[in-house]
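Undergrad: Let the sequences and hints guide you as you build the complete structure.
Protein sequences, first through last, are from chains P and D. My numbering puts the first residue of the first sequence at 1, with every later residue one more than the last. My numbering puts the first residue of the second sequence at 1001, with every later residue one more than the last.
To be clear, the hints were calculated from the coordinates, so they are not data collected in a lab. It is possible that some hints are incorrect.
[As the list claims (entries may be wrong)] Partial pick of chain D residues on the chain P-facing surface, computed with a CB cut under 8 Å:
{"id": "1", "residue": "V1178"}
{"id": "2", "residue": "E1181"}
{"id": "3", "residue": "E1184"}
{"id": "4", "residue": "A1185"}
{"id": "5", "residue": "H1187"}
{"id": "6", "residue": "F1189"}
{"id": "7", "residue": "G1190"}
{"id": "8", "residue": "T1192"}
{"id": "9", "residue": "I1200"}
{"id": "10", "residue": "A1271"}
[To be verified] Beyond 12 Å from chain P on every Cβ pair, some chain D residues (computed):
{"id": "11", "residue": "L1009"}
{"id": "12", "residue": "W1019"}
{"id": "13", "residue": "Q1199"}
Note that CB positions come from ideal geometry on N, CA and C, so glycine has one too.
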Amino acid sequence: MSETALEARNLYKVFGKNPNQAVRRLKAGQSRNEVLDAGTAAVIDASFTVQRGEIFVIMGLSGSGKSTIIRMLNGLLTPTDGDVVIQGHSVTEASAAELRGIRRRSVSMVFQHFALLPHRTVIDNAAYALEIQGVGRDSRLAQAREILDKVGLSQWADSYPDELSGGMRQRVGLARALTAGTDILLMDEAFSALDPLIRREMQEQLVELQQELGRTIIFITHDLNEAMFLGDRIAVMRDGRIVQQGTPEEILTDPANDYVAQFVQDVDRTRVLTASAVMEPPHLTTPISAGVRGALRVLREQQASSVFAVDNNRLVGVVTDRAVIRAVKAGQTDLRAIVDTSVLTVGPDDLLTDIVERAVETSVPLAVIDGNRRLVGVIPRVTLLAAFGNVPATTREMPIIQTPIEMVAQFTPLVDAAANAPAMAAPEAVASPDVAATEGNPA
Amino acid sequence: MIDGFRIPLGLWVKAFIGWVTDTLGGLFDFIALVFTGLYDGVAWVLTSPPFWVIILVVVALSFWAKGWKLALGAALGLVAIVGVDQWEKAMQTLALTLVAAFIAIIIAIPLGIWAARSQQVSAVVRPILDFLQTMPAFVYLIPAIFLFSVGVVPGIVATILFAVAPGVRLTELGIRGVDAEVVEAGHAFGATPRRILRQIQLPLAMPSIMAGVNQVIMLSLSMVVIASMVGAPGLGKDIIQALSRIDIGLGFEAGLSVVIIAMILDRVTGALGQTRKRPARASASAPAPAAASVPANN
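TA: Structure follows, in structure tokens:
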């Protein structure tokens, strides 16, 4: 059961001469450029819901309105129209004092350029939020020390921020927000000012901390890789509008429009896609009860060199053509005797980046099995390579060679699966972002 | 010239000053009382002990603020003032400067804070400051005489008017210049505006504010000398006397004394502005400024 931590309802923010008029016209269907004379629309009709304990990433290029959105969530900016509800309290309608109360109790923030108090030590910075909340000195320093310990800065507690590197300063920023004890953390381009290695380290640490502390995190970034790595769900923004919301996989495999498709083109897919997103239905299987002869028939029919032996849908192992022929010659009938049970397997939620190594080591396709050793799919090496290279698994946009495709489709599960599963959301479906991209764009 | 076109601005100002003197006489008497009292008190502290006591105190202050070089310089300068027989007048000038600068700062910093927090206040204050800063200094003396007659008080009032501007400006500038993200952080954690001012804006604006304080003191000193034209005591009297008699020797001695006091005041207040930036800290915990991104023994 998930509960809502924060809800944004039809947020608008227009800067300029006549914001309300601009919102009226935007609602009437005018575009961002058409209302320029009334004001600059930074955020247009943004709605989303963030569940407790999830990392919700808002991603977009600079100028897309993401920083404006995050500042409306805790009332640093007042929306021109729409509402933000945090744990049942409206931020928009709160008085100044109520707003301070919401910020103290419910929402803390991490800033792009750290925003530490340069005249205070690391521990005093980390304890700052508690100081504002009115927590006594000893108690707040103890809590701050605990969090500093978690982010690995305990021995720097008495240093000043300008004695720390960028990554360490941002850890202080993170510690300050975590120490506040609020359920929601707003992170505004929190890692963008850090160099790439440190950024990766911070991302991993954030995920760890989030798993440990179970906070709700709303993370703003312009870096898609970061969004994909951190986000349980991602909202992609463009020109003030949220153009797509979904899990990283949904966004990668089923981009809502050309813009998103172009955006996700360069993403490091191996860190986002899981085995279940690229795997194909297991065609090369033979029941263990079918015996050696059954295995031989499958191998011949499918013109393959190996086949997975399954027992009641559970994977037993792999049988190679050589072993089958040898067994047939020797007059053996029991398939169990010749099954190689040391076959390499992966779980459906394993990231591609983690299964590459195993795929290289073996010539048979990787078997994807669930917790009960049920064979849910296979990943031939070619599929893996296609996923890495973002190569389309079908050529449907080229109707000239339709007939050969259909012919091939009978024999190759790869094309088959893609053709049969146009809805890419299903995990069994072959992952092919470009299929979806071309569907969305009838060229 | 256009015949018959003449704006009687001078008459109006005169009438206004006359009206002010009549209606607010009690207030001005009160101000005069306070200023005279302040000046007498400070002047008594500076002139009644023997000169070497004051020199020792100033040297100690210089040493504490900056170090032995400034202390040595201050000692030599003050002895030189004694040597040219300007000690008492120099102390009167110093007393006038301190009183005027103190009052100017008390006015300037809150006004600067207010201007930094409100665009309207800033818009009103700015032209007034321009006016105060560019009006020739002597002009302030005239209404001051009207309101307070001659003596110490018109000198102090004119000095405050002349010196207050940079204090306001640099306070406003300093607070407006505080990193917006840090102020935003204060808001984001639910701090009240008062707390943000006290814990974030003022400490971070302190270098700029202290530069303003320094400027107020320096301008006060230069104006206090001019204020001797309306009867304020101190080195200015000798300088004006020297001017009227074309007495180069006296003029130089008194002028040099002003310069020495100015330099000591400037260096000491400047050094205070810098040392206030960060409290003394235990250097036990942190090794060299972080070149490594991760704590070494983590």
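Undergrad: Does each hint hold? Answer for all of them.
TA: Verification of the supplied hints:
no. : hint  : result
1   : V1178 : 10 Å, violated
2   : E1181 : 4 Å, holds
3   : E1184 : 6 Å, holds
4   : A1185 : 4 Å, holds
5   : H1187 : 6 Å, holds
6   : F1189 : 4 Å, holds
7   : G1190 : 4 Å, holds
8   : T1192 : 7 Å, holds
9   : I1200 : 6 Å, holds
10  : A1271 : 18 Å, violated
11  : L1009 : 39 Å, holds
12  : W1019 : 43 Å, holds
13  : Q1199 : 7 Å, violated
The earlier numbered hints that this structure contradicts are 1, 10 and 13.
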